[in-house]
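Numbered according to UniProt numbering, the sequence shown spans residues 1 to 253.
Check each hint, because a few of them may be wrong.
[Claimed, not checked] Here are the simulated DSS-like cross-link-like pairs (lysine-lysine), alpha carbons at most 27 angstroms apart as the crow flies:
1. Lys224 with Lys246
2. Lys181 with Lys203
3. Lys40 with Lys63
4. Lys17 with Lys40
5. Lys40 with Lys134
6. Lys143 with Lys181
7. Lys144 with Lys9
8. Lys179 with Lys224
9. Lys144 with Lys63
10. Lys181 with Lys224
11. Lys143 with Lys246
12. Lys143 with Lys40
13. Lys144 with Lys203
14. Lys48 with Lys17
15. Lys159 with Lys144
16. Lys159 with Lys179
17. Lys112 with Lys181
18. Lys159 with Lys181
19. Lys112 with Lys63
20. Lys144 with Lys17
21. Lys246 with Lys181
22. Lys134 with Lys224
23. Lys48 with Lys144
24. Lys203 with Lys159
If you are wondering where the hints come from, they were derived from the structure by calculation, not from laboratory data.
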Amino acid sequence: MASSATTRKSFIDSSIKLARDNNFHGLDLDWEYPSNNTDKTNFGSLIKEWRSAIAAESSSSGKSALLLSAAVAGSDQISPLEFYPFQDIANNFDWVNVMTYDLFIPDGYPNKTQPPAPLRNPSGIFSGEEGISKWNRSGVPPKKLALGLPYYGYKWTLKNPNNGGLFADATNPGVGAVKYKDIVAVGGTVSYNSSYVTNYAQKGSDWYGYDDTQSISAKVAYAKQNGLLGYFAWNVEQDSNWILSKTASQTWG
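Assemble the whole structure, with the sequences as input and the hints as a guide.
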């Protein structure tokens, strides 16, 4: 779609009509992920034309301009950030939701338990903080950045249930992402690691890396203290009786 001016226009016009027909506040782009310089150019063309069309529609309709946002990779660990047109993003989006999660998951790291969405990483490069910092250094101001909070985690199977900390020997059970509410239902022993800003839970040989109230609170506090626009979650359906959502809201104040 983004490679042709004709298809870009069709997409843009139909998206604006869809938003107005349904009384939406705005539109959100989820392109996972631009992966080369051609994508980078096309991404920039799309959002510049989109912003221009939104402004023109607002002028002709007399309505407030639609908001325009995007979900973007939160780390080079997920997808190379160099293929985003940072200046075009800063100029044309109202904000971006930085997906600072899925950094260390069983499919890529099957042999050791991991923090799937660490805010910090004392033993390596990739983390939520690193991703936010790179977006900021690349020209997108903090007030256009929202920090991503995962309401899910990942499961590993411990080789030795008596050794259940971070980076313990493990295998990949192949179950994919596990909702927060399902992790809570397991009833395991919950621990918190402040160095990585992550929670994990263990029950027998079942081990879950995820975000619970402690890590959620610390991440939201980080976002507020560093002048970010805010935070977002993927996704509220995975919460347990709004526990994580209430924690995040109360921390932000």
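List in ascending order the numbers of the hints, as given earlier, that are violated by the structure.
3, 6, 13, 15 and 19
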